[in-house]
Amino acid sequence: MRRRLLLVVAAVLAFSLVATACGDDGGSTGGASDDVTAAWVYIGQPGDAGWTFAHDQGRQAAADATGATTLTVENIAEGSPEFEQAVRDFIAEGADIIFATSFGYMDDMEKLAAEFPDVVFDHATGFKSNDTNFTNYFGRVYQPRYLSGMIAGASTTTDTIGYVAAFPIPEVIRGINAFTLGAQVTNPDVTVQVNWTSTWFDPAVEGDAASALLEAGADVIAMHQDSTAAGEAAEAAGARWVSYNSDMSAFAPSAYLTSAVWDWGPYYTSVIEEVGAGTWDATPYWGGMDDGIVKLGSIASDVDAALVTQVNDVGDQMTAGTFDPFTGPINDQDGTERVAAGVSMDDGSMLGMDWFVDGVDGSAGG
Amino acid sequence: MKRLVLARRENPTRGGQPLAFLVGLVFALVIGALLLWSSGDPVIDTYQRMWERSFGSRDVISATLNRAVPLALAGLAVSIAAKMGLWNIGAEGQILFGATAAAGMARIGDSWPGPVLITAMLIAAAIGGALWALGPALARSEIGVSEIITTLMLNEVALRVIRYLQSGPWKDPDGFGNLQVTPLPDQAALGNIWERAHLGVLIALAVIAFFAWFMTRSVWGYELRIAGSSAKAATYIGISMRTKVLGVLLLSGAVAGFAGGIELTGTASRLNENISNGFGFAGIIVAALALMRPSGVLVVAVAFGGLQVGGQSIQLLGVSSAVSAILQALILFGAIGAGVLSAYQIRLVDRKVA
Numbered sequence: 023m024r025r026r027l028l029l030v031v032a033a034v035l036a037f038s039l040v041a042t043a044c045g046d047d048g049g050s051t052g053g054a055s056d057d058v059t060a061a062w063v064y065i066g067q068p069g070d071a072g073w074t075f076a077h078d079q080g081r082q083a084a085a086d087a088t089g090a091t092t093l094t095v096e097n098i099a100e101g102s103p104e105f106e107q108a109v110r111d112f113i114a115e116g117a118d119i120i121f122a123t124s125f126g127y128m129d130d131m132e133k134l135a136a137e138f139p140d141v142v143f144d145h146a147t148g149f150k151s152n153d154t155n156f157t158n159y160f161g162r163v164y165q166p167r168y169l170s171g172m173i174a175g176a177s178t179t180t181d182t183i184g185y186v187a188a189f190p191i192p193e194v195i196r197g198i199n200a201f202t203l204g205a206q207v208t209n210p211d212v213t214v215q216v217n218w219t220s221t222w223f224d225p226a227v228e229g230d231a232a233s234a235l236l237e238a239g240a241d242v243i244a245m246h247q248d249s250t251a252a253g254e255a256a257e258a259a260g261a262r263w264v265s266y267n268s269d270m271s272a273f274a275p276s277a278y279l280t281s282a283v284w285d286w287g288p289y290y291t292s293v294i295e296e297v298g299a300g301t302w303d304a305t306p307y308w309g310g311m312d313d314g315i316v317k318l319g320s321i322a323s324d325v326d327a328a329l330v331t332q333v334n335d336v337g338d339q340m341t342a343g344t345f346d347p348f349t350g351p352i353n354d355q356d357g358t359e360r361v362a363a364g365v366s367m368d369d370g371s372m373l374g375m376d377w378f379v380d381g382v383d384g385s386a387g388g
Numbered sequence: 005m006k007r008l009v010l011a012r013r014e015n016p017t018r019g020g021q022p023l024a025f026l027v028g029l030v031f032a033l034v035i036g037a038l039l040l041w042s043s044g045d046p047v048i049d050t051y052q053r054m055w056e057r058s059f060g061s062r063d064v065i066s067a068t069l070n071r072a073v074p075l076a077l078a079g080l081a082v083s084i085a086a087k088m089g090l091w092n093i094g095a096e097g098q099i100l101f102g103a104t105a106a107a108g109m110a111r112i113g114d115s116w117p118g119p120v121l122i123t124a125m126l127i128a129a130a131i132g133g134a135l136w137a138l139g140p141a142l143a144r145s146e147i148g149v150s151e152i153i154t155t156l157m158l159n160e161v162a163l164r165v166i167r168y169l170q171s172g173p174w175k176d177p178d179g180f181g182n183l184q185v186t187p188l189p190d191q192a193a194l195g196n197i198w199e200r201a202h203l204g205v206l207i208a209l210a211v212i213a214f215f216a217w218f219m220t221r222s223v224w225g226y227e228l229r230i231a232g233s234s235a236k237a238a239t240y241i242g243i244s245m246r247t248k249v250l251g252v253l254l255l256s257g258a259v260a261g262f263a264g265g266i267e268l269t270g271t272a273s274r275l276n277e278n279i280s281n282g283f284g285f286a287g288i289i290v291a292a293l294a295l296m297r298p299s300g301v302l303v304v305a306v307a308f309g310g311l312q313v314g315g316q317s318i319q320l321l322g323v324s325s326a327v328s329a330i331l332q333a334l335i336l337f338g339a340i341g342a343g344v345l346s347a348y349q350i351r352l353v354d355r356k357v358a
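In the order they appear, the protein sequences are chains S and A. Here my numbering = 1-based position in the first sequence + 22. Here my numbering = 1-based position in the second sequence + 4.
Isolated chain S, as found in the complex (with noise of 0.2 Å):
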């Protein structure tokens, strides 16, 4: 049974790569990659947007490029059973490399990468690895949030930003630190209100907390959310969104000023020829826009042409490794300096701040 259901997978993909390959030039490299059987765990569905949707999308594209054939299982709860039940029906299927994409997987990839050293374990968000078939992977998504930061700054009229935010964990506070020094850039008196929802992904909550920080002056929200419901708030009240994740423009048409997002495809690409090639290495990668893995959405139309061409400026800094959003002097919530004046901040550093730069109201401990 298993045997046909694999000859059809194959059929279908042999058939969808030659009418791909008649579109564009990323077809097969050939050899090794689609021999690989790649699988995901999602944290959530992947419907129409948000983190799973960019990792969904990401999957397509890497199955595009390389022929592999790919898994996915959706909804598995961080921290339960179903997790490493997924894992091992993966690798009953024959899977080559388990792509988990949600930070509480972490004990459970670590646990399983020992018991199955001939499959990759690669696991997003995440801190451990080992040095032969078990690493994490992650973006510098700060870098657009920077980008975003300036566009945002030049578009709030009351200087107050309100900035719905999942958990007061590095992750989320890297992003509303770069945010806010973006939007400074634009706007020096500009102050970014946090709102903390405590849920990655809630349209009720992420909406009241969206509507609430409207209520209090803000006439720009931007998010660390999962869902659109903030930007549904905003558009509902005149105001003006941010997104996150994928372009949500769709969601908020009039609302929707720019975003965040996330460009999965070539790395988990990269990943399946290295290892269909036989030259994988357990690195872990953070990679930024110079890799493509993240980057600045679509801007909306009405945004200053000067602005975005400035915009643009910076990204293209960013890419070329000549400016980096975390580049001192920076100060603390308190006035302490964080970084010193021409500066820039080490990963290390990035990877576990817990404090937020002056110009932000509101607690980074939660």
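These are calculated hints, taken from the structure and not from any lab test. Computed from a prediction, not measured in an experiment: that's the story for all the values here. Hints may be right or wrong, so weigh each one.
Stated by the list, open to error - Straight-line C-alpha distance at most 20 Å; calculated SDA-like pairs for lysine to any residue:
{"hint": "1", "chain 1": "S", "residue 1": "LYS150", "chain 2": "A", "residue 2": "PRO177"}
{"hint": "2", "chain 1": "A", "residue 1": "LYS175", "chain 2": "S", "residue 2": "ASP140"}
{"hint": "3", "chain 1": "S", "residue 1": "LYS133", "chain 2": "A", "residue 2": "ALA11"}
{"hint": "4", "chain 1": "S", "residue 1": "LYS133", "chain 2": "A", "residue 2": "GLY108"}
{"hint": "5", "chain 1": "A", "residue 1": "LYS175", "chain 2": "S", "residue 2": "PRO306"}
{"hint": "6", "chain 1": "S", "residue 1": "LYS133", "chain 2": "A", "residue 2": "VAL185"}
{"hint": "7", "chain 1": "S", "residue 1": "LYS150", "chain 2": "A", "residue 2": "ASP190"}
{"hint": "8", "chain 1": "S", "residue 1": "LYS150", "chain 2": "S", "residue 2": "ASP181"}
{"hint": "9", "chain 1": "S", "residue 1": "LYS133", "chain 2": "A", "residue 2": "ILE152"}
{"hint": "10", "chain 1": "S", "residue 1": "LYS133", "chain 2": "A", "residue 2": "GLU199"}
{"hint": "11", "chain 1": "A", "residue 1": "LYS87", "chain 2": "A", "residue 2": "VAL344"}
{"hint": "12", "chain 1": "S", "residue 1": "LYS150", "chain 2": "A", "residue 2": "SER66"}
{"hint": "13", "chain 1": "S", "residue 1": "LYS150", "chain 2": "A", "residue 2": "GLY108"}
{"hint": "14", "chain 1": "S", "residue 1": "LYS150", "chain 2": "A", "residue 2": "PRO189"}
{"hint": "15", "chain 1": "S", "residue 1": "LYS133", "chain 2": "A", "residue 2": "THR186"}
{"hint": "16", "chain 1": "A", "residue 1": "LYS175", "chain 2": "A", "residue 2": "LYS87"}
{"hint": "17", "chain 1": "S", "residue 1": "LYS150", "chain 2": "S", "residue 2": "ASP140"}
{"hint": "18", "chain 1": "S", "residue 1": "LYS133", "chain 2": "A", "residue 2": "VAL344"}
{"hint": "19", "chain 1": "S", "residue 1": "LYS150", "chain 2": "A", "residue 2": "LYS175"}
{"hint": "20", "chain 1": "S", "residue 1": "LYS133", "chain 2": "S", "residue 2": "PHE189"}
{"hint": "21", "chain 1": "S", "residue 1": "LYS150", "chain 2": "S", "residue 2": "ALA272"}
{"hint": "22", "chain 1": "A", "residue 1": "LYS175", "chain 2": "S", "residue 2": "LEU373"}
{"hint": "23", "chain 1": "S", "residue 1": "LYS317", "chain 2": "S", "residue 2": "ALA272"}
{"hint": "24", "chain 1": "A", "residue 1": "LYS175", "chain 2": "S", "residue 2": "THR147"}
{"hint": "25", "chain 1": "S", "residue 1": "LYS133", "chain 2": "S", "residue 2": "PRO306"}
As the list claims (entries may be wrong) - Sample of chain S residues at the chain A side, in silico, Cβ under 7 Å:
{"hint": "26", "residue": "ASP70"}
{"hint": "27", "residue": "GLY101"}
{"hint": "28", "residue": "PHE189"}
{"hint": "29", "residue": "GLY384"}
{"hint": "30", "residue": "GLY388"}
Here a beta-carbon is modelled for each residue, glycine too, at the ideal position from N, C-alpha and C.
Take the given structure of chain S and dock chain A to it, following the hints.
Relative to chain S, chain A alone:
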């Protein structure tokens, strides 16, 4: 005028219950087949995969048994309270708080030898679960507040307690600022006894055997049965309804909390908010399907565990998680519906003219 009524069968056929479940199952599988067919998924392959990845090999059978452990204990917890006509909808929170108490014990005894530490953790878990049920139990026994609402609401509170511990008091210093508690010491893990099945399988079996005896053969269990069927009769022969209500809810909470302790030491590397992951609510279904009997709980929990483990695997065939969830729900619904119909019959009766 005629109308439909649900009337209790006067002479239910012997052995009718298992037969009814079978009919319900077949019914659900047929509806499920239509669902799969309409969503473009392979029907036979899906069912075959579901079976293979739940009961088809030693490896997955052991995973199914592990999954059955929290389901059985939660089902037992719910059925204990139900003997008194009480609904413990808070097993979810009691599991979480039981696990929290066990994790707290592991922090105190992180240098103790494994068997000592695990025993202490499991005792702490049971006490924690009972504590989490104490408020609703007192409110019910002393002033008659419905336990359905209070136990349910405490589920969310238990979740928040874990979030709080993750964010500060028990935060992992090696977690790079992420919200996770310090991992359990290595010796706090229940060992495996067969394939992937951990010792919790045997412990759960022993607990269920004990309650099968306790609920039917002990004086306390006997009094409980009387109190559950007639408060008047119970009061007449000197059974205090107040103590019985209090006791049975605390016991129910303790069993649920114990489930949290087993799940923590059996499957998790650290306390987290998904230790219960719906087991407390699933326990209500398990108890209902088992007709509130401990022996029934055992059988139903294994079947339910297999349904969960196998149900997840069909996503690899391209079946969406939504269809997989509907399919699992259909099978449960078919079984429950069949259970009702074996005990009751639908009759067409004359509508009374007022």
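Exercise. Using Cβ atoms only, decide whether S:GLY384 comes closer than 7 Å to chain A, and label the hint accordingly.
Key: Hint violated; S:GLY384 Cβ to chain A Cβ min 15 Å, cut 7 Å.
Exercise. Would you check the hint for S:LYS150 and A:LYS175, treating anything up to 20 Å between C-alpha atoms as holding?
Key: holds, 17 Å
Self-check item: Distance restraint between S:LYS133 and A:VAL344, which requires alpha-carbon spacing of 20 Å or less
Solution: Measuring from Cα to Cα gives roughly 44 Å; hence the hint is violated.
Quiz item: Within a Cα-Cα threshold of 20 Å, do S:LYS150 and A:GLY108 meet the stated pairing?
Solution: Violated. S:LYS150 to A:GLY108 sits at ~25 Å, over the 20 Å cutoff.
Quiz item: Between S:LYS133 and S:PHE189, is the straight-line Cα distance small enough, at 20 Å or below?
Solution: violated, 26 Å
Quiz item: Quick one, are S:LYS317 and S:ALA272 close enough, alpha carbons at most 20 Å?
Solution: holds, 18 Å
Quiz prompt | Hint validity - S:ASP70 Cβ closer than 7 Å to any chain A Cβ | solution = violated, 14 Å
Exercise. Mind checking the alpha carbons of A:LYS175 and A:LYS87 for me, to see if they're no more than 20 Å apart?
Key: Distance ~40 Å between A:LYS175 and A:LYS87 Cα, so the pair is violated.
Exercise. Could you grab the alpha-carbon distance between S:LYS133 and A:GLY108 and see if it respects the 20 Å cut-off?
Key: Given that 20 Å is the threshold and the Cα spacing comes to 23 Å, the pair is violated.
Quiz item: Does A:VAL185 lie within 20 Å of S:LYS133 when you go C-alpha to C-alpha?
Solution: holds, 18 Å
Quiz item: Is the straight-line distance between the alpha-carbon of S:LYS133 and that of A:THR186 20 Å or less?
Solution: This hinted pair holds, its Cα atoms lying about 16 Å apart.
Quiz item: Is the hinted pair A:LYS175 and S:PRO306 satisfied, with a Cα-Cα distance of at most 20 Å?
Solution: violated, 24 Å
When held up to the earlier numbered hints, the structure conflicts with 2, 3, 4, 5, 8, 9, 12, 13, 16, 18, 20, 21, 26 and 29 and fits the remainder.
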